[in-house]
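Colleague: Protein chains in written order, with the working numbering: chain A, 185 to 356; chain B, 11 to 174; chain C, 1034 to 1381.
Treat the hints with caution; some may be incorrect.
Ranges between beta-carbon positions, derived for each pair [stated by the list, open to error]:
1. C/K1357 <-> A/K213: 21 to 31 Å
2. C/K1102 <-> A/K213: 51 to 61 Å
3. B/W100 <-> C/I1358: 46 to 56 Å
For the record, the hints were derived by calculation from the structure and aren't laboratory data. All C-beta atoms in this analysis are idealised placements derived from N, C-alpha and C, irrespective of residue type, glycine included.
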Amino acid sequence: MQSLTNRATPVDRRPMNLWEKLYLPAIFKGMAITLGHIFKKKATVNYPEETRPFSPVFRGLHILNRDEEGRERCTACGLCAVACPAEAITMEAAERLPGEEHLYREEKYAARYEINMLRCIFCGFCEEACPKQAVYMSETFAPSNYQRKGFIYGKDDLLIAHPQKSITENKK
Amino acid sequence: MGIDMIIFTVLSAIAIAAALGVILSKNPVNSVLCMITCFVAIAGHYIMLNAQFLFVVHLIVYTGAIMVLFLFVLMMMNLNADIEPQKRNWLKYAGAISGGALLLVLVAALRDASLPAIQEGGKTDIGLVSNLGKTLFTSYVVPFELSSVLFLSAMVGAVVIGKK
Amino acid sequence: MDFTIDWYFLIEKLLLISAVLGISLLVAMYSTWGERKVAAWIQDRRGPNRAGIFGLLQPLADGGKLFFKEEIIPSHANRFLFVLGPSLAMLTACLTSAVIPWGDSLTIGDRIVSLQIADINIGVLWIMAVVGMGVYGIMIGGWASNNKFSLLAACRGASQVISYELPMGLALIALFMLSGSLSLKDIVEQQREGVWYIVLQPIGFLIFLICAFAECNRTPFDLPEAENELNGGYHLEYSSMKLGFYLFAEYINMFISSVLMATLYFGGYAFPYMDSLGLDGNMLTILGIVALFIKTFFFIFVFMWVRWTIPRFRYDQLMKLGWKILIPLALLNMLVTGAVVLFRQYGI
Chain A
185 MQSLTNRATP VDRRPMNLWE KLYLPAIFKG MAITLGHIFK KKATVNYPEE
235 TRPFSPVFRG LHILNRDEEG RERCTACGLC AVACPAEAIT MEAAERLPGE
285 EHLYREEKYA ARYEINMLRC IFCGFCEEAC PKQAVYMSET FAPSNYQRKG
335 FIYGKDDLLI AHPQKSITEN KK
Chain B
11 MGIDMIIFTV LSAIAIAAAL GVILSKNPVN SVLCMITCFV AIAGHYIMLN
61 AQFLFVVHLI VYTGAIMVLF LFVLMMMNLN ADIEPQKRNW LKYAGAISGG
111 ALLLVLVAAL RDASLPAIQE GGKTDIGLVS NLGKTLFTSY VVPFELSSVL
161 FLSAMVGAVV IGKK
Chain C
1034 MDFTIDWYFL IEKLLLISAV LGISLLVAMY STWGERKVAA WIQDRRGPNR
1084 AGIFGLLQPL ADGGKLFFKE EIIPSHANRF LFVLGPSLAM LTACLTSAVI
1134 PWGDSLTIGD RIVSLQIADI NIGVLWIMAV VGMGVYGIMI GGWASNNKFS
1184 LLAACRGASQ VISYELPMGL ALIALFMLSG SLSLKDIVEQ QREGVWYIVL
1234 QPIGFLIFLI CAFAECNRTP FDLPEAENEL NGGYHLEYSS MKLGFYLFAE
1284 YINMFISSVL MATLYFGGYA FPYMDSLGLD GNMLTILGIV ALFIKTFFFI
1334 FVFMWVRWTI PRFRYDQLMK LGWKILIPLA LLNMLVTGAV VLFRQYGI
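Isolated chain A, as found in the complex (with noise of 0.2 Å):
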């Protein structure tokens, strides 16, 4: 048969000699091998205290952007929707009352805005499809959970903190 690459090597069928037949220098080898391995550097990360750093261009989780001023930039127009290969996004529009200017700066905005991480391939197609700059990709991955439910992540999880207001009050 040809052979297909010139890696091949023949398997050394001779008998074996005196040397290889005492096995022990075999073993011997072997040990010495499996000691060096025990000063040679660990490759695991100690994850919770280490993390591996991530490359300049992942995609991690989705966050929904403020302006400058504190508010909404999503105008629920539904390109990162259709962009989005996996349809792993879904939204319902709201029409901005007076006295909301403060909250949202369009007139129209997302009352409901999930993304199932579940179903995200984390193309990044949305944040290259969005208009209005809302959606961006972190540098952060889903944390577990118990239920499916947990990883449909809705506003609440997704917006980014106020930048005017304390931590408290953006908690609540």
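Fit chains B and C to the supplied structure of chain A, relying on the hints for placement.
Modeller: The following block gives chains B and C in isolation, referenced to the frame of chain A:
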């Protein structure tokens, strides 16, 4: 009653109870375990006689090796109570008679036997390794070597059978 | 006969026995931790490091887990024997430590306390006897489980232990020819004055080491508990602390074999230049105990090192190694040793 006597009594009781267990137990594995207990109790008697070497050899050879092989064979057999063949009555009587005859012979032989170890109180040093070794290789060297030749031939026989 | 008992002697021995048992259990406990650490290091991992600093509380967590797990006794198992198995394994594992000299004697007040539970003149044979009985724990447990895999493992274990006892005994006989004594204390004292027996008996030591691996059912001879052929071996049906007892007994056996190797071939509590340090008795004894434990821990490490290096033997290879290689080698070693001893005694 000294402490020696107490230990002797306890060990003897264990040995006899275990020996009875060997023949009365229905399950052969239990019989073997009783036999092991019996051997350990007898080994205890050797210690009481200050025969340390005999004690430890008894443990190694009988409890440690031979009984393991017994157990080994028994475990390999499919032991169910319902497939046990019914023994015929005349076989039982024959067994009882021959066993009784053997007991009679033993009792008759032991009746006149002198038991120096018991009379001396069992506190000799002959059972220690070095003394025993010297005795074996000076006074009893011929029987010792003869028995080792016997063992050797038995081993060769075992190998021959195993080769077949 | 009167009942005067030397109470000091009794208390001293009781204390010594509890100390030895306690240390054996402690070392066995931390051997499990060490095993996991060494395994991890050899495989470029870190090993347990969550429970306590360096994961030092891991054995306690494991023990707690074993204690609180549900005890399952298979419905067709022989209940009495099923419980007897692990108990016997544990008992025989602990019995061996009785004849090992853990150190020279301590002087407390005007009493000289020997750090050996029983200095009987058949010391090593006692260990052989107990090791031979240790196989009952495996056999009874494996048979009583009423599981064919357990039974197979028990048979493997029994035949393995019996086969490897022979070369072990033969290797020891060569050692006794040199020492002229079966007492472990004498053997250590001889090595304190002369050279360690590893120098005189290198082949004997090698045979002893290999047999010790086999007797402890450690890799490469762990066929009785082969996870991937027998689903775990003779303790397949065991759960909770009874399983813990089996595992523990194995680690205690490993500890005792390490101590034994250190004592028989590496000078026990004696260390080089021991008597030219100019220290007094008690200090020297304590140093000796430390030396013994350093040697022991080294051998425990070797046990683990080998376990994570060498794959398991096939069963026919195991038997071939035992009967066709080790026994002839041990016999040859014995003959040569005997000839040399005779030659040195009488000349040609």
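Colleague: Would you say the C-beta atoms of B/W100 and C/I1358 sit inside 46 to 56 Å of each other?
Modeller: holds (53 Å)
Colleague: Just to be sure I understand the hint, the distance between the Cβ atoms of C/K1357 and A/K213 should be within 21 to 31 Å; is that true here?
Modeller: holds (24 Å)
Colleague: Please check whether C/K1102 and A/K213 have a Cβ separation lying inside 51 to 61 Å.
Modeller: violated (41 Å)
Of the hints listed earlier, the one the structure fails to meet is number 2.
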